[in-house]
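Model the placement of chain B on the given structure of chain A, informed by the hints.
Chains A and B supply the protein sequences, listed in that same order.
Note that the first sequence covers residues 1 to 119 in this note's numbering.
Note that the second sequence covers residues 1 to 116 in this note's numbering.
Derived by calculation from the structure, the hints in this document are not laboratory data.
Note that beta-carbon positions come from the ideal geometry of N, C-alpha and C, so glycine has one too.
Please note that the accuracy of each hint is not assured.
DEER-style ranges, computed between Cβ atoms [to be verified]:
| # | chain 1 | residue 1 | chain 2 | residue 2 | range |
| --- | --- | --- | --- | --- | --- |
| 1 | A | G54 | B | P116 | 48 to 56 Å |
| 2 | A | P69 | B | R61 | 42 to 50 Å |
| 3 | A | K80 | B | R61 | 43 to 51 Å |
| 4 | A | P18 | B | E15 | 46 to 54 Å |
| 5 | B | Q81 | A | P18 | 42 to 50 Å |
| 6 | B | P82 | A | N63 | 38 to 46 Å |
| 7 | A | K80 | B | E15 | 42 to 50 Å |
| 8 | A | G54 | B | E15 | 29 to 37 Å |
Pairs of lysine to any residue residues, derived as SDA-like cross-links and limited to a Cα-Cα distance of at most 25 Å, are as follows [to be verified]:
| # | chain 1 | residue 1 | chain 2 | residue 2 |
| --- | --- | --- | --- | --- |
| 9 | A | K79 | A | S20 |
| 10 | B | K108 | A | V60 |
| 11 | B | K42 | A | V119 |
| 12 | A | K80 | A | R68 |
| 13 | B | K1 | A | V51 |
| 14 | B | K42 | A | E22 |
| 15 | B | K68 | B | T26 |
| 16 | B | K1 | A | Q45 |
| 17 | B | K68 | B | Q57 |
| 18 | B | K42 | A | S65 |
| 19 | B | K42 | A | G54 |
| 20 | B | K42 | B | A78 |
| 21 | B | K42 | A | G27 |
| 22 | A | K80 | A | W115 |
| 23 | B | K1 | A | G87 |
| 24 | B | K108 | A | S84 |
| 25 | B | K1 | B | K68 |
| 26 | B | K1 | A | G41 |
One-sided excerpt, in silico: chain B residues whose CB lies under 8 Å from chain A [to be verified]:
| # | residue |
| --- | --- |
| 27 | Q34 |
| 28 | R37 |
| 29 | G43 |
| 30 | L49 |
| 31 | S53 |
| 32 | L104 |
| 33 | G109 |
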Amino acid sequence: SQTIHQWPATLVQPVGSPLSLECTVEGTSNPNLYWYRQAAGRGLQLLFYSVGIGQISSEVPQNLSASRPQDRQFILSSKKLLLSDSGFYLCAWSVPFRGFPIFSGNTIYFGEGSWLTVV
Amino acid sequence: KQEVTQIPAALSVPEGENLVLNCSFTDSAIYNLQWFRQDPGKGLTSLLLIQSSQREQTSGRLNASLDKSSGRSTLYIAASQPGDSATYLCAVRPEYSGGGADGLTFGKGTHLIIQP
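Chain A extracted, bound-state conformation:
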C-alpha cells in the first residue's frame, strides 16, 4: 500500500532562518506531488506541484521554493523565512493520468502536515 511521510511535524524558526520540509511517498512510482499551505482563516493554498523529477511548477509567488531530487521525494525550502510563512504545510500525492485528456481523476492523499511557526 502507498504511504506518505513528511517531517518535521512541528518547528519553530526565527525570521530570516532557512527552512527545509521533506516529504516522501512509498509504494508508488512517478506520482504527482504537491505542497499546500493552510493558514488560519484562509483555507488550503496550493504552493507547488511536480509531475516528475526536477519538474516544479509554482502556483503563487513567494520566498519559498520546492525541489524534487528523486521520484518520490519532494522538498519545500526557504533561504530566509518571513513571519507570513507561518502556517500548516501539507504534502500530498496523486496518481497521474497517462493519456489524453490529461487529468488523473484519482483521489489525492495527504501527509500529516508540518506546523511552522516563524518568530
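Only chain B this time, still in chain A's reference frame:
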C-alpha cells in the same frame, strides 16, 4: 479563477441529528469534486469523490451530491455522532486539456461540532 465557498463556516448540533454541509464553486468546468475530513492539527482524509458525470456518492452515513451545472455540492451526514466532529473541506479538480498537475481548489471548510 476557480473559487470554492463552503457554508456554514461552523456548525454545532446535538448528537443524532441529520445535517447538510454545502459547497459551491464558480467554474463548472471541473473533472471531479472531493470531500475531505480534517481533524485538528492533522492532515486531510478523503471521504468521497464524485466524478463530474456522477450525481452522488455514498459511503456509510455519508452521502455527497453534485450538481455541476449549478456549481453546487452537498455532504449529507446521517445520524451524526460525536466522532464526526472535525472540519470538512470540499475541493474541486479542474478539467485540463493538456499536461500539468491536477491540483485541487479547496474551500475554507465547515467546522463541525457534534454535541454528545
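Results of checking the hints against the structure:
no., hint, verdict
1, A:G54 x B:P116: 48 to 56 Å, "51 Å, holds"
2, A:P69 x B:R61: 42 to 50 Å, "43 Å, holds"
3, A:K80 x B:R61: 43 to 51 Å, "48 Å, holds"
4, A:P18 x B:E15: 46 to 54 Å, "47 Å, holds"
5, B:Q81 x A:P18: 42 to 50 Å, "44 Å, holds"
6, B:P82 x A:N63: 38 to 46 Å, "42 Å, holds"
7, A:K80 x B:E15: 42 to 50 Å, "49 Å, holds"
8, A:G54 x B:E15: 29 to 37 Å, "51 Å, violated"
9, A:K79 x A:S20, "9 Å, holds"
10, B:K108 x A:V60, "18 Å, holds"
11, B:K42 x A:V119, "22 Å, holds"
12, A:K80 x A:R68, "20 Å, holds"
13, B:K1 x A:V51, "22 Å, holds"
14, B:K42 x A:E22, "17 Å, holds"
15, B:K68 x B:T26, "10 Å, holds"
16, B:K1 x A:Q45, "13 Å, holds"
17, B:K68 x B:Q57, "14 Å, holds"
18, B:K42 x A:S65, "23 Å, holds"
19, B:K42 x A:G54, "28 Å, violated"
20, B:K42 x B:A78, "24 Å, holds"
21, B:K42 x A:G27, "22 Å, holds"
22, A:K80 x A:W115, "17 Å, holds"
23, B:K1 x A:G87, "23 Å, holds"
24, B:K108 x A:S84, "19 Å, holds"
25, B:K1 x B:K68, "16 Å, holds"
26, B:K1 x A:G41, "20 Å, holds"
27, Q34, "6 Å, holds"
28, R37, "11 Å, violated"
29, G43, "4 Å, holds"
30, L49, "5 Å, holds"
31, S53, "10 Å, violated"
32, L104, "6 Å, holds"
33, G109, "7 Å, holds"
The structure is inconsistent with the numbered hints 8, 19, 28 and 31, although it conforms to all the rest.
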